[in-house]
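Read off the chains here:
Number of protein chains: 2
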Amino acid sequence: MGAAYSSCYAHSLTFPVDTLHAFPITASSKSNPNLRSTPFLYSTEKIFNTSLVQPIRIMSQTTFPCSSLAVKRGEVEEVETQGEGSTRKPVFNYHGIDQDLLQEMVYDALVWSSLHGLLVGDKSVQRSGKVPGVGLVHAPFALLPLSFPESNWRQACELSPIFNELVDRVSLDGNFLQESLSRKRVCPQILAADFSNRTKKADSFTSGLLEIHSKMLKMNKKEEIRMGLHRSDYMLDEQTKLLLQIELNTISSSFPGLSCLVTELHRSLLNQYGEVLGLDPRKIPDNSALSHFVEVFAKAWIEYNNPRAAVMFVVQAEERNMYDQHWLSAVLKERYPFDLYNTHNITTIRKTMAEIDAEGELLADGTLVVGGKPIAVIYFRAGYTPNDYPSESARLFMEQSSAIKCPSISYHLAGTKKIQQELAKPGVLERFLDNKEDIAKLRKCFAGLWSLDDSDIVKKAIEKPELFVMKPQREGGGNNIYGEDVREALVRLQKEGTDGTAAYILMQRIFPTVFPTFLMRDGICHKDFAMSELGIYGAYLRNKDKVIMNDQCGYLLRTKISSSDEGGVAAGFAVLDSIYLS
Amino acid sequence: MGAAYSSCYAHSLTFPVDTLHAFPITASSKSNPNLRSTPFLYSTEKIFNTSLVQPIRIMSQTTFPCSSLAVKRGEVEEVETQGEGSTRKPVFNYHGIDQDLLQEMVYDALVWSSLHGLLVGDKSVQRSGKVPGVGLVHAPFALLPLSFPESNWRQACELSPIFNELVDRVSLDGNFLQESLSRKRVCPQILAADFSNRTKKADSFTSGLLEIHSKMLKMNKKEEIRMGLHRSDYMLDEQTKLLLQIELNTISSSFPGLSCLVTELHRSLLNQYGEVLGLDPRKIPDNSALSHFVEVFAKAWIEYNNPRAAVMFVVQAEERNMYDQHWLSAVLKERYPFDLYNTHNITTIRKTMAEIDAEGELLADGTLVVGGKPIAVIYFRAGYTPNDYPSESARLFMEQSSAIKCPSISYHLAGTKKIQQELAKPGVLERFLDNKEDIAKLRKCFAGLWSLDDSDIVKKAIEKPELFVMKPQREGGGNNIYGEDVREALVRLQKEGTDGTAAYILMQRIFPTVFPTFLMRDGICHKDFAMSELGIYGAYLRNKDKVIMNDQCGYLLRTKISSSDEGGVAAGFAVLDSIYLS
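Protein chains in written order, with UniProt numbering: chain A, 1 to 582; chain B, 1 to 582.
One thing to keep in mind: the hints can contain errors.
Identical copies go unnamed one by one, so any copy, or any two together, can satisfy a pair.
With a straight-line cut-off of 20 Å between C-alpha atoms, the simulated EDC-like cross-links for lysine to aspartate or glutamate are [stated by the list, open to error]: (1) Lys130 - Glu104; (2) Lys123 - Asp522; (3) Lys373 - Asp286; (4) Lys436 - Asp357; (5) Lys544 - Glu238; (6) Lys546 - Glu223; (7) Lys130 - Asp100; (8) Lys222 - Asp357; (9) Lys373 - Glu104; (10) Lys215 - Asp551; (11) Lys215 - Asp173.
Note that these hints are calculated values from the structure, not bench results. Since the structure is predicted, the reported quantities are computational estimates derived from the model, not experimental observations.
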């Protein structure tokens, strides 16, 4: 979800370490100044002018919570841990890597990125978010793939089509969406609470979407062709060894293009350096996100069945992650210059919400026309934040149209945190899915998710706030509440006499495995400890009763420096990574 | 030759025009202020926010020389022209192009460049010449291919293997090189003349190379394996319709990587827009420069026959055209990770002259070792300018080694202007080549080239300086003398009592065809009139008597805005282009 690199980690946390492979952990302190440090920076310039590379940092004793939550079927159980956390064994000995070899790999990786379009717009260049081809810089990436258990990888892949189906079923239950998300259940005191202005904004945003959804219900609008390009994000909890879902993105699932490139980059590096590193390039799984996404566009276009119609990317006016999007349109153009019968052109256009507002027309037959072109597929890479909307009208008349929306308003709402929390309640999955095995698989990956109605949980969270995250119902990172702020927020809500609200949910805090790693940003190699979040892309397309596609398709691994001691979002940065099956 | 975009045009000239397809031309005036204008700039930002695109500029009456030189076998004959010059018909109607279509093509081309590595380092970003992956910007390119007569294209291709062979034969005649280039023939008065400091510097540079060559002759050093990656540059003279050689580059022939990408870019655009433009993508000839260059590296490496040895790219410390070079090493690594027997790794290293000075060793058996690695092939992408040399020692001991040099000092010297001029003298080609047809083909493409010994020519050049270019014997653009400066320089030389010198040659000035075109730089589309220079790459490899490769391999078309009235190098900029056969 979203295009930014920052703040994607719902459960970021901090633990500088004092040994490489194992380190003691004790309860986290927000204000421990020892834990703040700048990671060593290895500029490639330095690297190529000197053989001196500084050793990996050795830090003071670390702090870490010593218990975690094990969750089964929506209930919670506190599990005492051994009092020590440990990183899994990394794929190779980062500590002892030959420095010349490292320098070579860094250089080669930067060259590879430049030649193969693993690029983003450089924030420091003003035009780079608007004009392609200028102000380019390599996308941030991890130099090497991250070790990931094959069993958890397979588990995550298996979940993908089940989640695709779940989203589709939930989207059809308009009342469930309305009841779960309705403003009626949002406590006014919370909306007035001042601890986060963003929260209020987020909430009114979801309300706006819900109003559009309500209008669609009233006019009995049916989406016969339904298309989903989702990404379900997971973390591997170190203590319980469980793969736990962070969130399910049903709008603007980003990086299908660049994530494939990182996989290729890592394969290329292991083809060259694998032998000396003791790493086998074949252990990096294929990443088909890009080609699958493009296939869905082409197949959806066919289903829409208007040879003159275009695929429309709804984009932000400034977008530094534009090349991830351009990979989709470029490969679509390359592979499907014509439709599957080789007769009609599939063209792509890019429009902002404001442009659609200005240029869009809704014809009497339901056809959406933008800039004179009928639209077959609307692909949202914007629209997940209120800032994208000059008004609600564009989203409303897109929704009213016959164009295939990726996502429709129902799919969009099905991806909210509140729905995630509702689905985690006992018995709710059974309303949407029949297959008991599928239900069990989904439930196994659910972290603890609770409404603030639950006074037992609220009490527990006030006692041990470090084990919880408070999340606003709008999806997207950056608005979560961690650590002491959880306690403060909950205590304030209690004082104000509220008994809980749908404006927030409480979620079990996940403590993922930590690895030593090399992170590349702005041409500089940072050697540090990091944690990762695995996103599995899912592609879904159906036309009435016919399911045309329901596939797991590729993955995104984002690795983030864990070098901040903030209870909230870590001050580090996220890079694109790939998986090394172990 | 050289990596810079600027000043590559040996014969740049200026002629703003008053009609699109034909315009009257009269004698050039250096000081006509009417002829200076800034071309309209079309920023893509503007393009996507407004449909207003300004029309192609209409300019005041133009000035242009009304005669040109026809040259046969080194003699000169003045040809009266019709008093009017004309551009050839462009491939399509630039004037009437639909502005929305233009905007779309501009955007698509910029995206294509970013995704496919058609990149250079951005001058405005300090690190972009040193660190890959940062400060990237699309390489300047023409939006569409340039119409070029198929017969001239074939002629240029046919010449390539003949020039390859000629360079090889000339390189074996050490006395010819020494006699032609020796300082003994350089008049001291001219060296002392103050009209160009660069000239003196250039001359002492050639003298330095000549000394190394002389040392090699004395030690009877033989190059058994000889490798050439040349580029012969031509312009098509508008009046005589002759394809005339500008120069033959035997060192650092640049753009084998990016020129292929521009060809692919243009094909991609014509695949999409060709029908509406009335252009057929199949009329853009294949460009195999990159794959051919890489093949030569691999084959030369095999001939050197040391499985541990590396290919060494000699580079400048700062190189904003590094991606052109990286394409070579990347494709070499991709296609030939192992040798042709699939047993040994072919690795590439990049070193500056200073690094080679510091790290290089010459073993007793002649093996060159740099940074601990034996070197099989030395590929110079630096060394063509005195600035690259911290001292002469690096070049000297590379030359003394058994490594395959691309180029050897002999090949390097065979590419100087003075040798080009010597070869153009009657009877000289016959010293090196046997095949009369080949000789005739070469001679047909020779422009008028004269030594300053020739008092008739000097007199003529003083009378009509606009018909000549004075070139220093060192190759590379930017040091040439044009227009009134030719007269001044020659008069001064006469006053100083000199009777001519090898420090300069006089060359017929070529007036190429001019086209309306769209030039892309820094994300901005410039609509202007431009002229082009065609470079044909040649690849040559032999081991003793066995010629392993002697091929024409791809091409470079550089198109340059003709919007300056300076007699010398035009104030415009050069972009990469491709050919549309007509």
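Hint-by-hint comparison with the structure:
1. Lys130 - Glu104: This pair counts as between: shortest inter-copy Cα distance 14 Å, intra-copy 33 Å.
2. Lys123 - Asp522: both (11 Å within a copy, 17 Å between copies)
3. Lys373 - Asp286: Neither. Shortest intra-copy (36 Å) and inter-copy (35 Å) distances fail the 20 Å Cα cut-off.
4. Lys436 - Asp357: neither (45 Å within a copy, 72 Å between copies)
5. Lys544 - Glu238: neither (42 Å within a copy, 65 Å between copies)
6. Lys546 - Glu223: within (13 Å within a copy, 71 Å between copies)
7. Lys130 - Asp100: Intra 38 Å, inter 18 Å, cutoff 20 Å: inter-copy only.
8. Lys222 - Asp357: neither (23 Å within a copy, 74 Å between copies)
9. Lys373 - Glu104: between (49 Å within a copy, 14 Å between copies)
10. Lys215 - Asp551: neither (31 Å within a copy, 70 Å between copies)
11. Lys215 - Asp173: within (14 Å within a copy, 88 Å between copies)
When the structure is compared with the earlier hints, violations turn up for hints 3, 4, 5, 8 and 10 and for no others.
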